[in-house]
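Visitor: Protein sequence lines correspond, in order, to chains R and V. The C-terminal residue of the first sequence carries number 254 in my numbering, and the numbering is unbroken. The C-terminal residue of the second sequence carries number 1371 in my numbering, and the numbering is unbroken.
Calculated from the structure, these hints are not laboratory results. All residues carry an ideal CB built from backbone N, CA and C; glycine is no exception. Do not rely on the hints blindly, as some may be mistaken.
Said to hold, decoys possible - Here are a few chain V residues that sit away from chain R, every Cβ distance over 10 Å (derived from the structure):
| hint | residue |
| --- | --- |
| 1 | G1081 |
| 2 | T1222 |
| 3 | T1272 |
Said to hold, decoys possible - Reference listing, derived: stretches of chain V covered by chain R, where coverage requires no fewer than 3 residues with Cβ under 8 Å from a Cβ of chain R:
| hint | stretch |
| --- | --- |
| 4 | 1006-1015 |
| 5 | 1284-1291 |
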Amino acid sequence: MHEMGIKGKGLKTPNNQKEDKIRSNLRNEEQKIIMQVENLSKTYYQGKIPVHALRCACITVRKGELLAIMGPSGSGKSTLLALIGTLEKATDGKIILDGTDLTSVPEKLLPRVRREKIGFIFQHYNLIPTLSALENVELSMRFSRMPKKERVERAAALLEELGLGGRLSHKPSELSGGEQQRVSIARALANKPAVILADEPTGEVDSKTRDSIVRVFKELSEKGQTILVVTHDPEVAKECSRILRITDGVIKDN
Amino acid sequence: MLDLIIRNIMNRKVRSGLTVCGIALGIFAVIVMGAMSENFHQTFERSMSVTSDKIRVFAESGVFGGGLTDNKVSDVLRVAGVKDAYGILMTTFDEDKMGMTGKQILGIPPEKSSVALYPVELKAGRFLNPGDSYNVVVGSNIKREYKLQIGSKFEIHDKYFTVVGILDYTGSIFDNAVIIPLETAQDLYDVGNSVSYIFVVPDERVDTEMLSKRIELSVKGTSTLSPGELEVQARQSFMIFSVITISSGLLAAIIGGLCVMNTMLMSVTERTREFGILKAIGAETRDILLLTLGEASFMGFFGGILGILIGTGAVYIMNAWLANTRIVLFLITPRLLVIAMLFAILIGAFSGLYPAYRASKMSPMEALKHA
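For reference, chain R alone in the conformation it holds in the complex:
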């Protein structure tokens, strides 16, 4: 024991050094993992008939990854996103996001998880029509009880960063599709989430706007923001760092 202790302290052999390096690399790799989905399943019931929307999905997502999730309609892409976003409860499996097992979080605390760890971007933008761009972005910070001055400043800065500095007081109906989606991106970023879940974010926009949105995603990803994008569009998918394909609720290609 004593000998081993001395060995361990100062006299490292080349073999030991190699092992340490491997361990350190593994540790770094693990640190980079922001989300782990383990055997995630979701079964709905249509009357008494079970519908398996997702079966034993396993995914590992690293920090800053821009991950495309592709698959035909009804394949389970949106279900996967809804489960990760805690909008639905999984039938089985685990989702560990930023160190928290989302499947074991009590119902009461889910809003807090959504506020602090998740940002949503929807196909139809889903902005509140009666609020201005600034107020829409400010809204999620409002629920975090952030002081007004702070949240207005942050919302304005985010919109500025996304090229909407001159549109702060515009209502969604006064903005183009691309602008609305950028407001929606700013809203998703407001609370500095661990992951952004984007469900068909380019589904309603023209190719030029699509490219600009994808560019924003790539920039965010480069800055370390993890983004999961559900898309049908191969042009969007090819810009992502990885593509995950789902068919009939099963991940076929990861």
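Knowing the structure of chain R, use the given hints to seat chain V on it.
Guide: Chain V only, in chain R's frame:
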């Protein structure tokens, strides 16, 4: 959150406006009915304070049964503990109106008039004196209605009386009283020496309830109403009146509340997707509850303000109109305003409870799928 609540209300101007009108109508009814009840309450309280120290002795057969005469007064006076006693003849002033105007003729022995009316004070002139026959003391409302002054001639039952005294305003039944000497009243209405009841002034430190019982036992053919019994009877009548008036107001306000519930349910259904978005971006259940309940309460608040304004205006106009007939029917008190306002807010909030509960319990995923 307050700005969001107000904005949501303002964004649906027509619908919110109609709902606020529904509440306002209910609160209007609460104010008008409540003002009537408050006026009755005030008259009752003041009348009680003016006559609370006296025992009333009636004929056993009741006040309309007859059989109570001046002779009984001397019997009553002999009962231990009785300081003074005198008969009073009470009849309606407007016989053709069945006494609906509340004006009353009170036949009182002239020498007892100041005692009988105590603590009511004179505004002008004097009380009746021994030897007065066709002199009269009038209440403040009678004075106003017939524009009487000291020395004016006043016709009662085809006879002319001279006004010798005008009572101060009391807010009690004495404001509508026409006080004439008892004997003159008995002659005028041809009732012999009958009286309606006997007023008994107890000795100081005498238990009025006990004295009341003693009179009933000592003077045959009489029944008594002690101040305590009178108060209980009067309060019961007042309660019934209040329940009738206030419940009609409340009913109207509840209908206003149903308006709010309907509006809020429609609003919640329309905004299902919005609630889904709010939940997806991290709104807590209490945030959703606060938003929806806040909207309903604010509509109640605005409806309350509007209802109070319209109600107060209507009461003012009706009182001014009724002033020609010298009848005061409505009285707005701070208590009534506070109750009406609280009621408006509560009914709004209560009506918003179910819609708010529905909104807060929505599954965010289902809500987001809503078209």
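Visitor: For every hint, state whether the structure bears it out.
Guide: Hints and how they fare:
no., hint, verdict
1, G1081, "holds (72 Å)"
2, T1222, "holds (74 Å)"
3, T1272, "holds (12 Å)"
4, 1006-1015, "holds (count 3)"
5, 1284-1291, "holds (count 3)"
Hint compliance for this structure: no hint is broken.
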